[in-house]
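**Student:** In the order they appear, the protein sequences are chains A and B. Quick note, the first sequence lines up with residues -2 to 636 if you use the working numbering. Quick note, the second sequence lines up with residues 113 to 475 if you use the working numbering.
I should point out that these hints are in silico values taken from the structure, not numbers from a laboratory. Some hints could be false.
[Stated by the list, open to error] Listed next, the stretches of chain B that the computed footprint assigns to chain A, with coverage defined by at least 3 CB atoms under 8 Å from CB atoms of chain A:
id	stretch
1	136 to 145
2	417 to 426
[To be verified] Simulated DEER-style distance windows between Cβ atoms:
id	chain 1	residue 1	chain 2	residue 2	range
3	B	V149	A	I195	31 to 37 Å
4	A	Y113	B	G246	55 to 61 Å
5	B	A163	A	Q222	49 to 55 Å
We put the beta carbon where it would ideally sit given N, CA and C, even for glycine.
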Amino acid sequence: MPNNPDERFPGKPVLRDDPKFAAGKIAFFQYATVGIFLFLISGFWDLQVRNPEFYNEAAERNMIKSLPILAPRGKLLDRDGRVIVDNHSSYSLILSRENLKQEHIRPIAEGLNIDYDRLAARLKHFDARPKYEPIIIKNELTQAELSFIEAHRDPETFPEMELIQAKHRLYPRGGLAAHVIGYVGEISESELNSPEFIKYDQGDVIGKAGIERQYNDSLMGVDGQRRVVVDNRGREREVLGVKEAIPGKDLQLTLDLDLQVVAELAMQGRTGAVVALDPRNGEVLAMVSTPAYDPNKFAGRIRAEDWKELVKNPDNPLLDRAIQSQFAPGSTFKPVMALAGLESGVVDDNFHIHCPGGASFYGRYFKCWQKKGHGNVDLHKGIVQSCDVFFYNVGNRIGIDKIAEYATMAGLGQKTGIDLPNEAQGVVPSSAWKMRNFRQKWYAGETISVSIGQGALTVTPLQMASAIGGLAMGGVWYKPHLVKNAKDLPPPHVGKIDPANAMKVIQGMYGVVNEAGGTGGRARLPGIRVCGKTGSAQRISNELAKSGGGHQMKDNAWFVAFAPCEAPEIAIATLWEGGEHGMLAAPIARDVLTAYFDKKARLQRAQAVGEMKNGVPQIGPTPPETPASEPAATEEAGD
Amino acid sequence: MTHYRSIRDIDWPLMIYTLLICAMGILQIFSATRDTVWEDAWWKQALWVLAGFALMWGIACIDYHTLLGHAYVLYGISLGSLALVLAFGRQAFGSRRWIAFPGFHLQISEFVKTVIILLVARYLTDLKAERVEGRELLKLGGLVLVPMLLVMKQPDLGTALTYLPVLAIGVVLAGLRWQYLAVIAVVLVLVLPVGWNYVLKDYQKARLVTFLDPGQDPQGSGYQVIQSKIAVGAGGMWGKGVTQGSQTKYRFLPVPHTDFIFSAFSEEHGFLGVVVILVLYFVLLMQIVQNAQTAPDRSGMYVCMGVCALLLFHILVNIGMVVGRMPVTGIPLPLMSYGGSNILSFFVMLGLVNSVRLWRFVS
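Chain A with its partners taken away, still in its complex shape (with noise of 0.2 Å):
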């Protein structure tokens, strides 16, 4: 064989066999390969040498998440441990804003139905959050929302979206007791830079109104988390820890559902308010607002449009009217002056005021609502017949001080400190009152129109229910409360009254139900001694009407009542706002006693049976525990 290349290609010119000829560019081939790997290893220095914790964060990122373990909020609960606000479990869309890409931002929207502008706002608003935080972008999915999260949650789409179920508010239907509970939304920016709200973050659910905010802490619970190993397919592979959440606290109301629905449905149709307590304890059974709002449009997010129609609603749902509306309180007040006037000395057995339908005092004519006149009135057909010409004169003889003093003494013109946020304080006047305000003296002409509740005199359903709740048990008063077995109550205010003066107060508003002639009749209820009061209140001046300033509005209808009589359960006040007469607000609170006793009865009835068939031993469903033995156990407490 040939070993010349030669021969190998035959008919081919042969060049010189010289390998070495190109040995220069070997050589620069040869450096050349040097820098190239040097080139390489100072990639490899770079990331693994000068900056790995860097790059051991970012795999860590990539396979460590944190999901929230949302904490339900606390059930409220009726007296009788009947769920008034249940939590429903449902998804949420959580996005987690370390790996967010902005362009995944308007399909993501689009996929969910969320307006996009409204969701960029909501991701900028959360811009000074730290990055591994989640936020939740949309409660309560769908099923065609979760498909389209499912579908869509893959890393080469969007691996930004994450799911986790939550517990979302569940109010009752037709915002019932809307203002009692009150309702949670997501906090505010305002909300966050106020005192009250410091321990939370944005994204936060928080009570918004009424007990779900001044009970928020302790119903709110705490959050848990999960920290879980997921692959390149957001599937998780390892549990690496769980903080589980704790669930938030029921809490029990004094709220009497049944009263609150029988109350509500009294109130249908008209504006107002009704406050139901029990006089003995300061236990709040029925507390009623109309008109009231959903307040499952709040639960989550409110939508804009919801929420500009409750502000832009001239009757103003969002008002609990409560204990936040101040109205002159009108011959419901009477009560509280005759006590006025029976413990100043001015009223004895033997006071007389005959009633012309009228009277001059201080050179002007004040009416009483009766033209024809009462006659010849004492202190008990003055109560009954709500003789306004009786009181103006009590009123100009024990002064506006005293009215002030007993007033206040009832709880009227201040805030009875309930368990609710925003009370409203109403005004009791006094000369050291205008002082203070006007930097006036007062003149005695003034104090004749507060005689009969009106004049600068405003107060809310509340403080009215409780005023009489008070009065009828003799001068003890309980402070209203919404909770249950609350730890840190006050004890009762005791008025330095004589039981006799509370007596002759008790026995008119007896009358006012009971009597021929008293306004009241319409809240009687056979077999139940029910104590009332009426009133009707301009909700203007006099003065004003008179001036023509301001357009004549309809009067507000007071109705206060308690009973029974003697041993009273429950103390009522209703407002209906333009009802026009008092005597016209009576069958709310008779609709509200009716619905209490025949409770009563009911209950009573049962445990006697109980109690038989608790004579023989027995298996079987015990009778729930009633309240009716209750009230006898706070009934010696409160004596």
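We have chain A; now place chain B onto it with these hints.
**Tutor:** Coordinates of chain B only, in the frame set by chain A:
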């Protein structure tokens, strides 16, 4: 009559470097594919490597002059096969690269690399002049360009580009009248990707890539590079240990047993492991260069340097991609990346190098 070639005479250091790199590759494939559908890739790779060594010995036993003599025939067969692939090839991942055989698929473009090496060596050896003239350069360039275009059409830009360094090194070694142009050519081939990375803007790159290679998804490749850099960086100095790399384990790293195998390796073996492998590659290349320097004739030198340039290009582009210093082109890392065609193809090249070496001992 054939010459008896002793196995003692093959390039043993080259064999040892090759074996070490392949072994690390198999280990990495095992680690990267645990609990996945690719679980059995590591022993398949081991079989390919064994087959590769056998094939290499077979090629080494053939006189490379014989192969050079058939260079144009092989070239013609290559063009035909590439045309066949385009016409009837098996389609996967959006491109048509494979010809299906029972039990396995061959990626023709991988073997065409060897043919290009032979073609360039043959063409340049046939030149009588001391320099390559413009016309011959154009002719040779045209010859290389035809298969390149066919491969680009598949589309497979990365593999097509690997043919260029072979042409470039050959032409430079042969001598170019316009030296300046030659320098530019080499610089272009070897440094073009650097310019790509540092000069062009993202959207320009994306446009260019979509223009040249519609199958590439720039969005996707961006994700791949980020994950790859994270994996490399997370490896740190010492690495996380075999099968312990989270980027690999939880599959954040794309294709950790093929194109991004070095990324997975870096995560699990750290900077130290990287240096070891790079040193192995370097000494492997230098061993081939040494074979070029000691080649008995010009054609042998062209063959060895062609192999060398091709390997260097692969290493530069693949490892450069892993650390984010090269664009994602999807070409495998020689001897480590999983894949029968590319393993066999590289062993064929090593066989050629050995053939050149063994020729020294003849006569």
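**Student:** None of the hints should be skipped; say for each whether it holds.
**Tutor:** How the hints compare with the structure:
1. A count of 0 residues in the stretch 136 to 145 of chain B with a Cβ less than 8 Å from any Cβ of chain A is obtained; the coverage claim is therefore unmet, three being the minimum.
2. With a threshold of 8 Å between beta carbons, the proposed coverage of the stretch 417 to 426 of chain B by chain A holds, since 4 of its residues qualify and at least three are required.
3. A hinted range of 31 to 37 Å for the beta carbons of V149/B and I195/A is inconsistent with their spacing of about 54 Å.
4. Range check, Y113/A to G246/B: Cβ separation about 60 Å, and the 55 to 61 Å hint holds.
5. A hinted range of 49 to 55 Å holds for the C-beta pair A163/B and Q222/A, which are about 53 Å apart.
Checked against the numbered hints given earlier, this structure breaks hints 1, 3; the rest are met.
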